[in-house]
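Student: The listed protein sequences correspond, in order, to chains A and B. Quick note on numbering: the first sequence equals residues 1 to 497 in the working numbering. Quick note on numbering: the second sequence equals residues 1 to 422 in the working numbering.
Honestly, the hints are just simulated from the structure, not real lab data. Wrong hints could be hidden among the right ones.
As the list claims (entries may be wrong) - Simulated crosslink set (DSS-like; lysine-lysine; CA at most 30 angstroms straight-line):
# : chain 1 : residue 1 : chain 2 : residue 2
1 : A       : Lys169    : A       : Lys142
2 : A       : Lys91     : A       : Lys169
3 : A       : Lys91     : A       : Lys216
4 : A       : Lys91     : A       : Lys142
5 : B       : Lys412    : A       : Lys91
6 : B       : Lys412    : A       : Lys142
Note that the structure is a prediction, hence the values are computed from the model and not measured.
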Amino acid sequence: MTLSLSPQDAWQPLPAGDWNAEAARHLLRRAGWTARPAEVQRAAQEGLALTLDRLFPPSPALLPEPEMTQRVEDDMPEFAAQYMQAAPEDKRVLGRQQRERWQAAYLDLSIRWLDFAAQPENSAYQKWVLFLSDVYVVGFEKVRRTPLIYRHFDLLARHGLGPAPALSKAVSRSPAMVLYLDLAENRREAPNENFARELLELFLLGEGNYTERDIKEAARAFTGYRIRPPGEFVFAPRQHDPGLKTVFGHTGHLTGDDVIDLAYDLPAAGAYLPRKLTRFYLSDEMLPDPYLYALGGAWQASGYDLRWLARAFFGSRLFFAPEFRGNFIKSPVQFYLALLQDLDLDGVPLPRYVINPMRQMGQVLFNPPNVRGWVGGRNWINSGSLAARRTLVESVFHPLNPESLNADELRELAAAAAARRGDFAVADERFGPLVALGPGAAVRAMAGDFLPVPAGPSFQGSLETFIAGGRADPREHLRRVRRTLITILESPAYQLC
Amino acid sequence: MLNNSPTPFLPSTRREFLRRSASGIGLLAFSRFAPSFLVNAASAAVPAPEKDRTILVLVQLAGGNDGLNTLVPFTDANYRRLRPTIGIPDTQVLRISDALGLHPSCAAMQGLFHDGRLGIVQNVGYPNPNHSHFRSTEIWETASASSDFMSTGWIGRYLDNACSGRPAASHDPLAIHLNTLNGEPETFIGQREHPTFGLLAGAGMRRENDETRRLLETIAGAPGAPNAEEGFLQHTLMDSLVTEGKVQTVLGSYRPAAAYPATPFAAALRNIAALVAGGLPTRVYFVSLNGFDTHVNQAATHADRLKVLSEGLAAFQGDLQAHRLDGQVMTMTFSEFGRRPSENESKGTDHGTAAPLFVMGSRVSGGLHGTPPALNLAANQDVAFSTDFRSVYATMLADWLGSPPEPVLGGKFTTLPLVRTA
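Just chain A, with the same shape it has in the complex (with noise of 0.2 angstroms):
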């Protein structure tokens, strides 16, 4: 990767002078969904500092518990104890029934979040927060019981701008995490080391910065983490191993916190969010070491607080610079988020239309394919995916069909109405602006709110001509300029931020 500035200037705040519309289109698209002409135009007088303090504030707003998740939380003791005590037949019919609920509670919580995070004031954290799980995974399809997948979320979203040993430590409490990465099952007489091998080479520092010892000495300090039913962290210090450890060379009777706060130690600590961080939000291409160290180094000044990461990386001349505008590959829920937020539309909060076709997409929210994450960029994309992608666009310019939804779906949809929420698929009525313009200046002016890169002759000159065909009858004109809007938002240009 050819780079305009050097490690030093990197990550020296944006000159008040670079500060413009683009500037802000790039930190709205890349640190949030997409940007809205009337947020850009916000961002750009407000500057950039009060733009970023808006996008990460001090509290940021939090997705509240969904009702069905809590319903199921609530039951979860109730259950358990019924468990205990039923006969081994019961047991096969009540363990289905809870799954069955974990699994539609499940659903729901995927169309709160998305519903939560479409919010314009609400995209930027709940971006970061999926950034973040996308750090500290967990899988719901290990995992199943929704609450905890919820809790782990909102511990993810309480911590995301604190200091982050705390978010760490944090997560090695979460019961999520103690049950997908098997923590349970470590014991001081025969220790797991699952969970200790992904905290060093994946929470925290990165392959090639740690030993198989590390991982074993580390493993040991981890003993004692259990889940209580019906899933509430406990610290069981009879079942922790409480002799001499070694870990990245200092010897103790080290805990699992002690381990955590070695490793932010090392530089190596610094340099690693750095690096899923541009990896998340800003290039395919990884940053060579000097500039993740250089950043890194900083970050470990500020005591690891991930508000101030959050400001420098954003704030940052290299986020702004030249190569990295316009050229990176929105993941599925980008996509799906910046449609709705573009067309201002309400997604549809019925799980087959949602979740179905994320899942085409190659992304199933709460459920990333193992605990590397999502890998990204370029792998979101094949001819299916991308087939996918351009189904969801049509299907937001057509109305539900009720004789396609079944008797649940349309209590849901009537639901939504009452609430104003019902704005689902993109009416010909909000294409009067655009129809009063001539046909070039109606495909510049699509282009220019929709795309981050600028509309080329032959991309430019095809619509037009095209809207220019059908001028002479009202009717074939509107159809025309909303085809081309459903061109533009299925070209290649529109999957890119």
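Here the structure of chain A is known, so what remains is to put chain B in place on it, guided by the hints.
Tutor: Just chain B now, kept in the frame of chain A:
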């Protein structure tokens, strides 16, 4: 990009009317593989069909078909008791035995039954039935026990097993889905990725999709992408557009030998016939027909859905026979559940359990299979199934697709005498 206007050009009108429309989307959805038979531009002629290749067409009746009003036990006093207002009168049922008759909308299917080309498996379900659409559909698609959660579908696992020795170079689709609401059905998901593609509903959308395709071809084909990522996207998009165009040509040049009704369902079956005639090596087609969730005033809706089903199936079978492809194709219906035997207070029916399913083809062992449900039930009680749906799957796998069912279904299920030897 340089447009600084803060006015969104699509002003939001929050009270927008949620318009209802029957028009769907007509778009091809490819899996990551483009079919080689189409991509390979040099071979303009389609490959000759393999004579011994059997093809299974799955017809999903989405929403939960009311089995009791589809296959009517018209002499059973319990049926009259449970269905006082929405029961089908004796005089209207289309008799297929002394005790059973088809819904009056199913005249075409009655004809197939009398010709021995329609088999009916009675009272198909599974233990511990689930009443949720989503979950029960998942159970049918994954062929799991209702206590298990599986992430692969039964056809996906069949492809995993049947195609392990397949040359990796071939990208011909092994499974194709049509008119499904949400793209690829879970039925097709395997441990490994298989080439599949989808034809999404809405013949009326054809022209618009052609327009988009042509415009996107210009855009994707334009030189000088502003960055490498966009170049990569252009290239990937172009590949799938070219393939899409060729599939549309195959479908557009097909001449059916039967009159298909003007329904999206029949259009999908016509497209299946075109692709079968075109010699695709596809083994499984999946087509969805919606609207069976009949909670309220069901008589008219259910009659319409069954008419669409019956007439569509009959046209498809006639077309295949005329093209002498009928020996290769077997069609089977399924639905996530049947409906409650006792009608509800709204002249409809609520979610139930077992129901009959239909198997159609020239090599079907026609007639009735399995045993009918016992209807000596209390109000709101469900029927107990008598044939496990996985027995039907096992039969299709073993006797039609020629694949050992156990590795696919993860257990042994008795097969049924549904398939006649050729």
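Student: Run every hint past the structure and note whether it holds.
Tutor: Do the hints match the structure? See the list:
1. A distance of roughly 21 angstroms separates the Cα atoms of Lys169(A) and Lys142(A); the hinted pair therefore holds under the 30 angstroms criterion.
2. For a cut-off of 30 angstroms, the pair hint linking Lys91(A) to Lys169(A) is broken: about 35 angstroms separates their Cα positions.
3. A hinted pair counts as satisfied when its Cα atoms are at most 30 angstroms apart, and Lys91(A) with Lys216(A) does not qualify at roughly 37 angstroms.
4. Restraint check for Lys91(A) and Lys142(A): satisfied, since their Cα atoms lie roughly 20 angstroms apart, inside the 30 angstroms limit.
5. With a CA separation close to 24 angstroms, the supplied pair Lys412(B) and Lys91(A) stays within the 30 angstroms bound.
6. At roughly 27 angstroms between alpha-carbon atoms, Lys412(B) and Lys142(A) fall within 30 angstroms of each other, so this suggested pair holds.
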